[in-house]
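Visitor: Sequence:
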Amino acid sequence: MWQQPDASPQRERVNLTDYQRALLRTLSANGWVRWVSWGQGYVLTGLGEVRLDGYYERYGPAATLRAPRPPGNQ
Numbered sequence: 560m561w562q563q564p565d566a567s568p569q570r571e572r573v574n575l576t577d578y579q580r581a582l583l584r585t586l587s588a589n590g591w592v593r594w595v596s597w598g599q600g601y602v603l604t605g606l607g608e609v610r611l612d613g614y615y616e617r618y619g620p621a622a623t624l625r626a627p628r629p630p631g632n633q
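Residue 560 is where the sequence shown starts when you use this note's numbering, and the numbers rise one by one after that.
Do not rely on the hints blindly, as some may be mistaken.
[Stated by the list, open to error] FRET-style restraints, in silico, Cβ to Cβ:
1. Glu571 - Tyr601: 11 to 21 Å
2. Tyr618 - Arg580: 13 to 23 Å
3. Tyr578 - Tyr614: 10 to 20 Å
4. Glu571 - Gly619: 43 to 53 Å
5. Gly619 - Leu582: 17 to 27 Å
6. Tyr614 - Thr576: 11 to 21 Å
7. Arg572 - Tyr618: 40 to 50 Å
8. Arg572 - Arg617: 17 to 27 Å
9. Tyr618 - Glu571: 12 to 22 Å
10. Glu608 - Gln579: 15 to 25 Å
11. Val602 - Ala581: 15 to 25 Å
12. Arg617 - Gln579: 28 to 38 Å
13. Val573 - Glu616: 13 to 23 Å
Hints in this document: simulated from the structure, not taken from any laboratory. Don't be surprised by glycine CBs; every beta carbon is placed ideally from N, CA and C.
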């Protein structure tokens with residue numbers, strides 16, 4: 560069974576490089592990832608979750624259970 564690794568405060572933190580910051584900024588600006596509040600910090604979510612939110616906003620909650628089919632495939 561999987562267990563949470565020790566999250567002790569003694570864990571060393573490493574700062575991001577300027578290149579890593581620029582990459583994350585670019586990915587976020589283009590919609591590939593986004594920052595989400597999580598506890599006392601943030602996590603990144605991927606493209607799939609961003610796309611699902613857009614789909615949900617466009618089609619609503621009922622349509623998320625059954626995707627609309629393209630014309631000719633009904």
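Visitor: Indicate, hint by hint, whether the structure satisfies it.
Guide: Against the structure, the hints come out as follows:
1. Glu571 - Tyr601: 11 to 21 Å: holds (19 Å)
2. Tyr618 - Arg580: 13 to 23 Å: violated (35 Å)
3. Tyr578 - Tyr614: 10 to 20 Å: violated (32 Å)
4. Glu571 - Gly619: 43 to 53 Å: holds (46 Å)
5. Gly619 - Leu582: 17 to 27 Å: violated (34 Å)
6. Tyr614 - Thr576: 11 to 21 Å: This hint is violated: roughly 34 Å between Cβ atoms.
7. Arg572 - Tyr618: 40 to 50 Å: Holds, since Arg572 and Tyr618 (Cβ atoms, about 41 Å apart) stay within the stated range.
8. Arg572 - Arg617: 17 to 27 Å: Once the Cβ atoms are compared, 39 Å apart, the range 17 to 27 Å for Arg617 and Arg572 is violated.
9. Tyr618 - Glu571: 12 to 22 Å: violated (45 Å)
10. Glu608 - Gln579: 15 to 25 Å: Since the Cβ atoms of Glu608 and Gln579 sit about 21 Å apart, the hinted range of 15 to 25 Å holds.
11. Val602 - Ala581: 15 to 25 Å: At roughly 19 Å between Cβ atoms, Ala581 and Val602 fall inside 15 to 25 Å, so the hint holds.
12. Arg617 - Gln579: 28 to 38 Å: Check passed, 33 Å falls within 28 to 38 Å.
13. Val573 - Glu616: 13 to 23 Å: violated (36 Å)
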